[in-house]
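Let chain Z serve as the given structure and place chains B and X on it in line with the hints.
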Amino acid sequence: MEQADVAIVGAGPAGLAAAALLAGHGAEVVVIDERPRAGGQIYRQPPATFRGEGLPPGRSYAAGRELLAAAAGASGLRWKLGTLAWALFEPRDAGPTPGRGEATWVVALADEEAGIGRLAVRHVLVAAGAYDLPVAFPGWTLPGVMSAGGVQAFVKSEKLLPGGCFVLAGAHPLLLVVADQLLRAGAELAAVVFAQPRPRLRDGASVALGLRGRVAPVLGLAGPLARLRKHGVPLLSSHLIAAAEGASALEAVRIAPVDGAWRPTAGPERRFSCDTLAVGYGFVPSTELARQAGANHRWKPREGGWVTDHDDWMRSSLAGISVAGETAGIAGAEQAAEEGRLAAIGILRELGALDGEQAARAAAPVRRALARRRALSGLVARRFEPAYAALAALADEETVVCRCEEVTAGALRAALATHPHLGSADAVKLVTRAGMGPCQGRFCMLTVASLIAAASGRELAEVGPFHASAPVKPLPVSQLAAAWPGPDSL
Amino acid sequence: MKSSPASRRLPVHAVVRPEPVSIMVDGEALEAYPGESLATALLAGGRRAFRATRSGALRGPVCNMGVCFDCVVVVETLGEVRACMTAVRAGLSVHTGLGNDGAGHGAG
Amino acid sequence: MERVDVAVIGGGLLGCATAYYLARGGASVALLERGELNREASGQNAGSLHFQLEFRMIVKGETIAEQFASAMPLFLDAQRTWATLEAELGTGLGVHIGGGLMVAESGAELAALERKSALENRAGLDTRLLDGEEARQVAPYLSPMVRGANWCPSEGHANPRLVAPAFAAAAARAGALIAARTPVVGLSRPDTAWLVETAGGPPLRAEVVVVAAGIWSGELTAMAGFALPLLPHALTIFATGASGPLIEHLIQHAGERLSLKQTAEGNVLVGGGWPSRLHERDGVPDPSLRPAARFGSITGSASVAARIVPAVAALSAIRIWTGITAASPDNVPVLGEVPGRRGLFVATAGSLFTLGPSFARLLAEQILESRSSLPLAAYSPARFAAATGGR
Chain Z
97 MEQADVAIVG AGPAGLAAAA LLAGHGAEVV VIDERPRAGG QIYRQPPATF
147 RGEGLPPGRS YAAGRELLAA AAGASGLRWK LGTLAWALFE PRDAGPTPGR
197 GEATWVVALA DEEAGIGRLA VRHVLVAAGA YDLPVAFPGW TLPGVMSAGG
247 VQAFVKSEKL LPGGCFVLAG AHPLLLVVAD QLLRAGAELA AVVFAQPRPR
297 LRDGASVALG LRGRVAPVLG LAGPLARLRK HGVPLLSSHL IAAAEGASAL
347 EAVRIAPVDG AWRPTAGPER RFSCDTLAVG YGFVPSTELA RQAGANHRWK
397 PREGGWVTDH DDWMRSSLAG ISVAGETAGI AGAEQAAEEG RLAAIGILRE
447 LGALDGEQAA RAAAPVRRAL ARRRALSGLV ARRFEPAYAA LAALADEETV
497 VCRCEEVTAG ALRAALATHP HLGSADAVKL VTRAGMGPCQ GRFCMLTVAS
547 LIAAASGREL AEVGPFHASA PVKPLPVSQL AAAWPGPDSL
Chain B
4 MKSSPASRRL PVHAVVRPEP VSIMVDGEAL EAYPGESLAT ALLAGGRRAF
54 RATRSGALRG PVCNMGVCFD CVVVVETLGE VRACMTAVRA GLSVHTGLGN
104 DGAGHGAG
Chain X
2 MERVDVAVIG GGLLGCATAY YLARGGASVA LLERGELNRE ASGQNAGSLH
52 FQLEFRMIVK GETIAEQFAS AMPLFLDAQR TWATLEAELG TGLGVHIGGG
102 LMVAESGAEL AALERKSALE NRAGLDTRLL DGEEARQVAP YLSPMVRGAN
152 WCPSEGHANP RLVAPAFAAA AARAGALIAA RTPVVGLSRP DTAWLVETAG
202 GPPLRAEVVV VAAGIWSGEL TAMAGFALPL LPHALTIFAT GASGPLIEHL
252 IQHAGERLSL KQTAEGNVLV GGGWPSRLHE RDGVPDPSLR PAARFGSITG
302 SASVAARIVP AVAALSAIRI WTGITAASPD NVPVLGEVPG RRGLFVATAG
352 SLFTLGPSFA RLLAEQILES RSSLPLAAYS PARFAAATGG R
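Chains as they are written, first to last, in my numbering: chain Z, 97 to 586; chain B, 4 to 111; chain X, 2 to 392.
Same shape as in the complex, but just chain Z:
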């Protein structure tokens, strides 16, 4: 069994910043990421076989380039790319561990070539990022309906326009960034549709402008807005997706007017022909590994829903596990990097590499930077918080909510009516199968929880999340079978 001081799950901004800092202090660090190259999603690099433009040009990606360079240059860093961290085990459940028994966790790994492995470490940093918030509306399963983040990754990383004519709909500033990148890549945009009322949008842009003098512009929305206007792209506000239409693939998107609380209001629907719909209503923290290990989580709707609870050193409720970045609450790349640094300093303190005073000194500038980032991300979160109940109400009876198992909103509502004692997402999952497919509930969890809350009158916070078990992504049985240590391991 391999061993190291620290395992970092996730090579995005939080993981990269932590890795460089930890390695810089002489810690033995292993960075694990499922993707073939470091960068996470926000700094997702093109395939290694491509030459030319790496990350897109511009100030917002400069930070990413620096993080990647710093991590690449750090000695003592071991990389496990193209590798899945599928569970965290206590050493007594996955041992025996090498060394003098200092390991607090064993990270279970899987990659295509080496199969399954185990890595014994003294500390784990879960910096697993986030994924786009799935929203179930009629027709959302049609080919051509993609997440805004997914569309962005095709354009900036795969260097592909994943469609010809796009509608973008959502509630997050990312939508404007994606719209801009699509325009620059030569795409035709039929419409950009925001859930929020127009003054809120202007507030968002002015927030960026107002703070530009003090903080590096995170949003920088003024440029994209101007370009959309220049290209004559309709920019609508106060509308939600009503339906995606098409026979075997997307052909058009219908949107409907809503009020300031995203509830349906009087007014005509509008219809746009398109072949690709980029949906961007928000993000969901990838907390599966932290949940599987048993760390506490808290419902924070402005930070993406269920978020791993942490203290002021980014430590979770479990000894030996820290979190940083989106896993600890949606807040963007710059805050993720600062949290990664803070978590790393905290880990160095735990490992004894820094004493209390050294750690406090090292953390002071990071805490100041973090405070500035939190002020901005807090503003963004307030203005762009998803209205989960309103989004869940978009699903009509036939709308598939659990995409994997094809469980409709109608079937879920019927189950809730038949079994009124069902009060948790897990209980509903057992009866309806929602959440039992390969995505392991990632795409239906919030919608299911919202439906339960609506039917039972209970708060969303009490209803979920789904229990997360090993493996946090599906694993080939052949790999598991080949990894059996033998009968003595029981």
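These aren't lab readings, by the way, just hints derived from the structure by calculation. C-beta: ideal position from N, C-alpha, C; glycine also. Mixed in with the good hints, there may be bad ones.
Unchecked claim - Negatives, chain X to chain Z, calculated, CB over 12 Å:
#: 1; residue: Pro145
#: 2; residue: Met224
#: 3; residue: Leu232
#: 4; residue: Thr300
#: 5; residue: Arg343
#: 6; residue: Ser352
#: 7; residue: Ala379
What the hints assert, rightly or not - If you want the ones that stay clear, here's a sample from chain X, every Cβ over 12 Å from chain Z, calculated:
#: 8; residue: Met2
#: 9; residue: His97
#: 10; residue: Arg190
To be verified - Now the in silico label distances, taken between C-beta atoms and shown as ranges:
#: 11; chain 1: X; residue 1: Arg81; chain 2: Z; residue 2: Arg359; range: 53 to 63 Å
#: 12; chain 1: X; residue 1: Ala84; chain 2: Z; residue 2: Asp355; range: 51 to 61 Å
#: 13; chain 1: Z; residue 1: Gly195; chain 2: X; residue 2: Ala383; range: 47 to 57 Å
Same frame as chain Z, but now just chains B and X:
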């Protein structure tokens, strides 16, 4: 399910790709670039649906980051893989279950 | 104060089914579950409907043979019950009786299966030993390593996630009150009826109380002064993603831990007694905490499954879960009235998915009519009275 591609690869001023290779998709040859994802290759090749569910509903890529499992295809010698997480290399043979090659794969 | 004929404590399969049979029989029933219905062993198991002797029992000799023979009427009752349960409850339960195969890979395992089959036939259970070729004719998906198998046509599986809730819904239709998220905190008999106190809710008076709370049954009987010794067994199961129909039968192994089946939805479930780790609170195992999954059990169960059914190796494991089943010290279920505690009944401990609906019906008969159509004396909690040192 194919149509004339609306998806298109971005041109050379943005990126220099390696020499293309040939892969098989549902029995037909498709030109693709080593290193790009199978999802990219299939979209650029005009495919919008990559698989069908147990009930026959067509699905295509959604998240492009390995969490939705709607882009799952069968690759010979690899089994079921997420197209967005699998890199193109020469000689890959992909089955979506939607093509005419009769090599449909298991439900779901 | 609310008064019912019977308070059933525990919302698993036994509790929900007992509530149903009692309500159907005309009793006023309240079912009290401290958490969510069917969330513990009843909802966590792999749904096997098995009748042939489990491998760990065949080494124990003649006592087991006697017990087995005397339990045969109950097994036959269970077979009949499962065959008509979906119709009775008016809903699908995923019942599939496709037959069961307990496989052998070595000569020693084969010899053990031969002895077992003879014993089963003597007791009245229809089983037949097949050689490797015959086994592969019945089940072509079995590996060439399989040298033989004990075939039991009455075995199969059902969907444990649906059964207890279906009983609960049917019980409610028959007039039972079903109360989830209602922990019982006190159980006493101040006069001619039991007093059941609940957390955050009004107390309940009941002529009869049935404790069907799995591993927690002892905590409840202790409130009434009776010590019920129960042992938690923490186990592990994993489920693969769905695939086309591949495995028709319930597969077990004569010498290894293996229980393998494919559900109606296409997922393959692999279990068979692979241990997980009970969490402890203050040094004592706490069955309320989900046991920790162990790397050795996950990989070990995958290894045996892939060896016996090679096609499973090509599937993906999408979900591993752990759960706890309760066992009595003598591995015999506990069913019946607690000695010295009139009107207090216990129902727990054993392979109670297969036998659960039958036990529930018999217990309801015992409660409503003071007799049951099959003898339940062998399961009486009276055998633990000496251990209590009490009356």
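Against the structure, the hints come out as follows:
1. Distance check for Pro145 (chain X) against chain Z: the nearest CB is about 17 Å away, which clears 12 Å, and the non-interface claim stands.
2. No beta-carbon of chain Z comes within 12 Å of the beta-carbon of Met224 (chain X); the shortest separation is about 24 Å.
3. For Leu232 (chain X), the non-interface assignment is confirmed: its Cβ lies about 18 Å from the closest Cβ of chain Z, beyond the 12 Å cut-off.
4. Distance check for Thr300 (chain X) against chain Z: the nearest CB is about 4 Å away, which does not clear 12 Å, and the non-interface claim fails.
5. The beta carbon of Arg343 (chain X) sits about 31 Å from the closest Cβ of chain Z, which is more than 12 Å, so the claim that it is off the interface holds.
6. For Ser352 (chain X), the non-interface assignment is confirmed: its Cβ lies about 21 Å from the closest Cβ of chain Z, beyond the 12 Å cut-off.
7. With a minimum CB-CB distance of about 33 Å to chain Z, Ala379 (chain X) clears the 12 Å threshold, and the non-interface call stands.
8. For Met2 (chain X), the non-interface assignment is confirmed: its Cβ lies about 22 Å from the closest Cβ of chain Z, beyond the 12 Å cut-off.
9. Chain Z leaves His97 (chain X) outside its interface by the beta-carbon criterion, the shortest separation being 17 Å against a cut-off of 12 Å.
10. Residue-level check passed: Arg190 (chain X) sits 28 Å from the nearest beta carbon of chain Z, beyond 12 Å.
11. For Arg81 (chain X) paired with Arg359 (chain Z), a C-beta distance near 55 Å keeps the hint of 53 to 63 Å intact.
12. The hinted range of 51 to 61 Å is satisfied by Ala84 (chain X) and Asp355 (chain Z), whose Cβ atoms lie roughly 56 Å apart.
13. The hinted window of 47 to 57 Å between Gly195 (chain Z) and Ala383 (chain X) holds, with their beta carbons roughly 54 Å apart.
The structure shown violates just one earlier hint, number 4.
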